[in-house]
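There are 2 protein chains.
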Amino acid sequence: MPRTSKRKIIIVKNIGFCSGVERAVKIAEENSTKYGKVFTIDSLLHNETEIQRLKEKGVEVATENSVGNTIIIPAHGSTEEEVKKFKKSFKNIIDATCPLVLRSAELIKMMKKEGYKIAIVGDKGHRETMVLQDTAGENLLGVFSKEEDVKNIKFSNKIAVIAQTTVTEEMLFKINNELLKKGHEVRFFNTICNETIKRQTESIEVAIKVDCMLVVGGKTSANSKRLFEVVKKANKNTYFIDNEYGVDNIDFSSCNSVGITSGTSTPIWLIGKIIKSVEK
Amino acid sequence: MPRTSKRKIIIVKNIGFCSGVERAVKIAEENSTKYGKVFTIDSLLHNETEIQRLKEKGVEVATENSVGNTIIIPAHGSTEEEVKKFKKSFKNIIDATCPLVLRSAELIKMMKKEGYKIAIVGDKGHRETMVLQDTAGENLLGVFSKEEDVKNIKFSNKIAVIAQTTVTEEMLFKINNELLKKGHEVRFFNTICNETIKRQTESIEVAIKVDCMLVVGGKTSANSKRLFEVVKKANKNTYFIDNEYGVDNIDFSSCNSVGITSGTSTPIWLIGKIIKSVEK
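Protein chains in written order, with my numbering: chain A, 3 to 282; chain B, 3 to 282.
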């Protein structure tokens with residue numbers, strides 16, 4: 003007997019990997035096919051389920067003692083020190099850094115040359131931010147995650163503001179407003195990834211229409227967590243899950259319509275599994 | 003019989019002319035002594051009482067038909083077109099533009115060369131803003147007096163923000179926050195005059211201590227009107243007067259202490275007259 007009241011599922015239009023992550027995964031897969039096994043400097047992207055799948059295909063996170071033919075720089079980039087370290091034990095270093103992160107690093111180098119202090123708006127300890135921090139070197143003014151972080155910063159004549167690609171514009175603009183008080187000239191570069199912004203906007207559009215909302219993303223994924231925050235504001239019945247098993251703990255009894263979105267490091271095949279779980 | 007309950011008067015520490023206005027007045031007086039009579043392009047500063055005093059000393063605002071030896075560019079500056087026009091009927095053009103305004107104009111020229119669109123935060127129609135607007139020429143993005151003014155502006159890759167020297171930081175920061183949404187790179191120059199900011203801060207410090215507060219300034223003076231706004235927030239018994247006669251209309255019966263401050267185009271001799279009126 004067919005079910006008469008099947009749950010309506012609405013998928014956010016642009017879902018799955020962003021172009022930067024897609025590129026990094028493609029580079030890793032191609033090289034593992036070629037060399038049998040490749041290593042990556044830290045996690046290639048912030049999604050445990052995808053990292054597991056890649057591991058089965060021969061893509062592995064390098065440790066201190068790893069030695070091999072090829073090592074890949076992950077989507078969030080790497081510091082010069084890391085590259086130097088791994089150069090000793092690997093023949094090829096392949097760069098899969100997201101082009102937007104590379105661009106932020108280039109902007110920092112340019113601003114350093116022009117004598118600016120570098121203010122990075124981002125999550126402390128996040129790989130991308132650490133890479134930018136490393137690029138800023140002695141010119142670093144600080145890493146700022148909230149307005150209060152700016153309070154005790156000294157006044158500088160010239161400040162350049164660069165953001166981690168996955169922060170919200172709200173966060174960036176608020177912190178920038180505090181930085182304005184700390185410099186005579188403040189040079190602001192909006193380095194937030196457009197795909198991240200678009201994903202947020204499209205997800206909110208779906209969230210306000212549905213009974214419940216699922217945000218799929220890795221536990222260590224900055225953009226997924228941020229997406230969850232903004233979607234939750236639009237629909238209080240929003241749940242963060244990192245794989246298809248997360249669905250089991252959710253009570254869907256009053257959810258006739260379910261919206262699904264994901265962070266930009268979530269593979270599309272995982273979304274497929276989640277849809278099946280929700281339809282069950 | 004001496005009065006026993008004399009009114010306490012507290013004068014804000016840095017009162018009277020700012021250095022830019024003081025310089026302009028000095029230049030005008032020296033030249034009028036030398037040449038008997040000098041003209042100025044528009045009002046030398048925004049204080050009618052002082053303009054009147056200068057007129058008696060031979061400093062007069064030029065009209066379309068004025069002809070003479072010397073004409074002075076006022077503290078707020080002049081457009082190239084004005085200079086060109088008056089060059090025909092005057093031998094000497096003496097520049098008494100405030101150095102901070104000249105600096106803003108220099109920044110605009112530099113930013114134009116580097117391909118930035120120029121956003122001016124200031125009062126529409128104010129001489130200083132008009133001069134900056136003129137300097138920006140075809141690169142002008144707009145003149146912004148409030149956040150809403152930014153709404154319909156097109157997205158530009160590179161925007162440079164320059165402020166009229168006498169706006170409040172609150173106004174500047176709010177408008178800048180909206181401009182951040184309109185450009186990939188926003189280059190912000192805090193061109194607000196420090197003396198203006200200091201005057202505001204010191205006036206607020208006095209205002210919160212006294213029963214009543216007097217803000218002395220010309221009716222067309224942007225910095226005086228702004229000073230009145232911020233002081234009024236700190237003490238609701240704040241009055242704006244442009245000369246000593248303004249005191250006559252104020253009921254001081256419940257004001258045991260009176261604070262006095264002034265815009266940066268108010269001469270110190272006028273403050274003296276006002277103190278006498280309040281003491282009466």
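Calculated from the structure, these hints are not laboratory results.
Hints may contain errors.
Heads up, the list lumps identical chains together, so a pair's fine if it works in one copy or across two of them.
[Said to hold, decoys possible] Calculated cross-link-like contacts (lysine-lysine; reagent style DSS-like; alpha-carbon spacing at most 30 Å):
id, residue 1, residue 2
1, Lys115, Lys234
2, Lys183, Lys238
3, Lys160, Lys183
4, Lys184, Lys15
5, Lys148, Lys200
6, Lys184, Lys211
Legend entry - Within, between, both or neither, where Lys184 and Lys211 count as close if Cα-Cα is 30 Å or less: Between. Shortest inter-copy distance 29 Å satisfies the 30 Å Cα cut-off; intra-copy 42 Å does not.
Inset, instruction - If the cutoff is 30 Å on CA atoms, where do Lys184 and Lys15 land: within, between, both or neither? Let me know, please. - result: For Lys184 and Lys15, the Cα distance is within 30 Å only across copies (25 Å; inside one copy 41 Å).
Inset, instruction - Check Lys115 against Lys234 for me: Cα-Cα at most 30 Å, and say if that holds within a copy, between copies, both or neither. - result: Close neither inside one copy (42 Å) nor across copies (46 Å); limit 30 Å.
Inset, instruction - Indicate which option fits the pair Lys148, Lys200 if close means a Cα-Cα distance not exceeding 30 Å: within, between, both or neither. - result: both (23 Å within a copy, 28 Å between copies)
Legend entry - Intra- versus inter-copy proximity for Lys183 and Lys160 (alpha-carbon distance at most 30 Å): both (12 Å within a copy, 21 Å between copies)
Legend entry - Same-copy or cross-copy closeness of Lys183 to Lys238 [CA-CA at most 30 Å]: between (36 Å within a copy, 27 Å between copies)
When held up to the earlier numbered hints, the structure conflicts with hint 1 and nothing else.
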